[in-house]
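Asks: Residues per chain are reported as follows:
Protein chains: 2
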Amino acid sequence: MPGTVPQEPWPTDVGIIAVEVYFPSQYVDQAELEVFDNVSTGKYTIGLGQSKMGFCSDREDINSLCLTVVQKLVEKNQLSYNDIGRLEVGTETIIDKSKSTKTVLMQLFESSGNHSVEGLDTTNACFGGTSALFNAINWIESSSWDGRYAMVVAGDIAVYATGNARCTGGAGAVAMLIGKDAPLVFDRGVRSIYMQHAYDFYKPNMDSEYPLVDGKLSVKCYLHALDKCYEAYTQRATQTGIIGENASLIDSADAFVFHSPYCKLVQKSFARVFLNDFLKEPSPDFSGRYAGLESFRNLKLENSYFDRDAEKALMTASNSLFTTKTKPSLLLANQVGNMYTPSLYGGLVSYLLSVSPADLIGHRVVLFSYGSGLASAMFSLRITKDLGPKFHKLLENLSNVKKDLHDRVKVAPEEFDKTMKLREETHNKAPYAPVGSTKELFPGTWYLTEVDSMYRRMYDRVPLVQIPNGNVKN
Amino acid sequence: MPGTVPQEPWPTDVGIIAVEVYFPSQYVDQAELEVFDNVSTGKYTIGLGQSKMGFCSDREDINSLCLTVVQKLVEKNQLSYNDIGRLEVGTETIIDKSKSTKTVLMQLFESSGNHSVEGLDTTNACFGGTSALFNAINWIESSSWDGRYAMVVAGDIAVYATGNARCTGGAGAVAMLIGKDAPLVFDRGVRSIYMQHAYDFYKPNMDSEYPLVDGKLSVKCYLHALDKCYEAYTQRATQTGIIGENASLIDSADAFVFHSPYCKLVQKSFARVFLNDFLKEPSPDFSGRYAGLESFRNLKLENSYFDRDAEKALMTASNSLFTTKTKPSLLLANQVGNMYTPSLYGGLVSYLLSVSPADLIGHRVVLFSYGSGLASAMFSLRITKDLGPKFHKLLENLSNVKKDLHDRVKVAPEEFDKTMKLREETHNKAPYAPVGSTKELFPGTWYLTEVDSMYRRMYDRVPLVQIPNGNVKN
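Residue numbers (the working numbering), protein chains in the order written: chain A, 47 to 520; chain B, 47 to 520.
Misleading hints may appear alongside valid ones.
No copy labels: a pair is met if it fits in one copy or bridges any two.
[Unchecked claim] Cut-off 20 Å, straight-line C-alpha distance, at most; resulting in silico cross-link-like pairs (DMTMM-like, lysine to aspartate or glutamate):
#, residue 1, residue 2
1, LYS346, ASP227
2, LYS274, GLU156
3, LYS449, GLU470
4, LYS475, ASP253
Just so you know, these hints were derived from the structure itself, not from any lab.
Note that the coordinates shown come from a computational prediction; the quantities given were computed from them, not determined experimentally.
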């Protein structure tokens, strides 16, 4: 029954064993984009909270992004492809209506002889990665689990037509290795789901990479889903003893990571959680945490999505908690942009990289996943208390992230714009020979070499190691 | 570990509680299509084993098919939408790259207030329904299960460009209610998966409903996957005691149901299983079951996909077993055509309807699911021994199938061809007002009423009950 604490015999401590994140090696600067787009200074950088936006040339597609991140995860963790019994891809970057990216990834498994890998591709906007994650956890707890790892892959190329929304793009992929006795353990019995029919953001134009967006509706849907997930999660977390009766959700966890379409929405979302805590609190401390919120005591959630006064007061009151508990998770969102399905997990990675490992001992992280259309969930994980070798290995394997972010190539908005036009004209073309340079790609990046007249896609990989004498080792 | 018999505490007898199948109310006759297509008599009817092909006008799309089958399942079983905790859609009929059909189905849940329904859409050719089924079973066995039913929906509209393959189309949807203490119980510890990268059938032209097909490669991939699944399933089924050491797989089960692109391939597939049994058998009885196969004793599986002599000899030798164990499952495949993801489950329904309930007691059914690209699995279920009220209810709810098949409207090939042209020109158009007649649709069928300028799709439903005085009751 919902909310009861599940007991054994499910495997112990099912969670994330390892994680790998990939983002493009080139970016456009959001301040420069403001000038290029002829919008007011600060519109993207302050208004949306975005600094840089990663993007792909015609050399990368959803298959190549996933090939890259999966192979890197396997290599860094010295895994055999035989160790993986399930692999599911969450994406909304659809380049084939029938053939899944999962089957393209099976090329990496070919030489191992392992073809017994459950899972396909799963889609609903930015929620696909989370659904794949839930399916992976369920598999490990089921009678069909055979002791091997599950791999969850989330990848997307987020691009928008010229106009207001283009600056909210991004691209990237995350791969997670899921298993038992993990350093990041998912809480059982608290997973909360909210799904509803909505046309807030969708991609019905099959010939285009761009979505249709009802921006205002999308913000409303996001915040409404957050309210509903808050309600169900806190109820379950109370029943399972994670949080006390009527206690603050914010106090129950050390970090809150949100799906991030843009960073400012995440700050508003944290303020929304704060509002829910405030409305639930029987006797709010107006001289302390809830100072300045007296006049919002009777606010109705369903009437306040666009209440600017309330939003401002809540963001002010929750600012220091936001700075501690959520802002650290925004590094990749701020530096790469919206990666869609990987966004939430990029947030988790950013959080793990934000403090020294010792400061993460036993931390609980609450995650909110949202995909337009709509599908959403709130769930949580806790970081192992002993910080053993698995945890250190997980962190060590992420040590490239900040350096790679720094090492990217900045591209002028004019060039970025040309690349977008090129993608528009060619992303679905066959036969096609990609023209983008492969020089700037990170070592180990898979890239498209050819689409033949039968639309079959061929890929190659940038050598992983560049040896000083100029030779390369693959 | 693979192959060990899983023990409790997973819920008992997880399986299919109820099933609903939907197919279009109009069809084209394959013999008439042979004349229209100017091909040799019998090419489709004898060569492929197809009698009729169901098809949809511009009034139906993947959303409407799934709305129809889900609501019918709920109504027939007097369920509340609150009883359902998970719903996943398997399909390769993609009309939006981001918004899932699952979220469209949430409209049916709206008035119940139940928004806590895990699962999205999942895709890889005809395998999506099976993947959704496995995910449903895993969920019920996981710590996240809350006691409610899972619903698995498989739906597709299978259409081909004019030419050789057009006659292998079809359309339909199946919804299955999955839970514990089911009348059709999945065997644990035997599920066998085979996945590989292949371009045998795929849909890279995003603007078209039609696939690209490498027909010969697809047959080879299907048979190769079947061999591999046979190998893994028999190994696991031996370990779990379902079949004896070196025993024939065919003898271990009462029925074998296959994904059916066309019926003749299924007969070849049964012969392929027979071949695998034959090659595994230490001392084949050449005067009995394996008469006439002496010269094929050293046949290599990987060299025999297109060995016509072997195929003919094997089909002859296995014909009586095929007639008993597989042919009964081909009713819907023969009468409707390839429904893609629902095909396998239409086969299961056909089998259940083929004999009297008493003749199904304790029967074991082996299922082979295949989706190009490729993903495949072999698994099995057994029919309850006590044939209790749940089993009778399941069968009773399928009692409309044969009558509905018979009550369909036959459409001339010329009209069918016009409808295909109409779909070609309009399936992805916005705004669009569908022109197809709704008169012939079965009671309770959802249909498209409008696509607005923002590509938002609106639906209505044919009243479920026609009252004799001419009034209708919805």
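Asks: Compare the structure with each hint and give your call.
Replies: Against the structure, the hints come out as follows:
| no. | hint | in the structure |
| --- | --- | --- |
| 1 | LYS346 / ASP227 | neither (43 Å within a copy, 44 Å between copies) |
| 2 | LYS274 / GLU156 | between (44 Å within a copy, 14 Å between copies) |
| 3 | LYS449 / GLU470 | neither (31 Å within a copy, 50 Å between copies) |
| 4 | LYS475 / ASP253 | both (10 Å within a copy, 11 Å between copies) |
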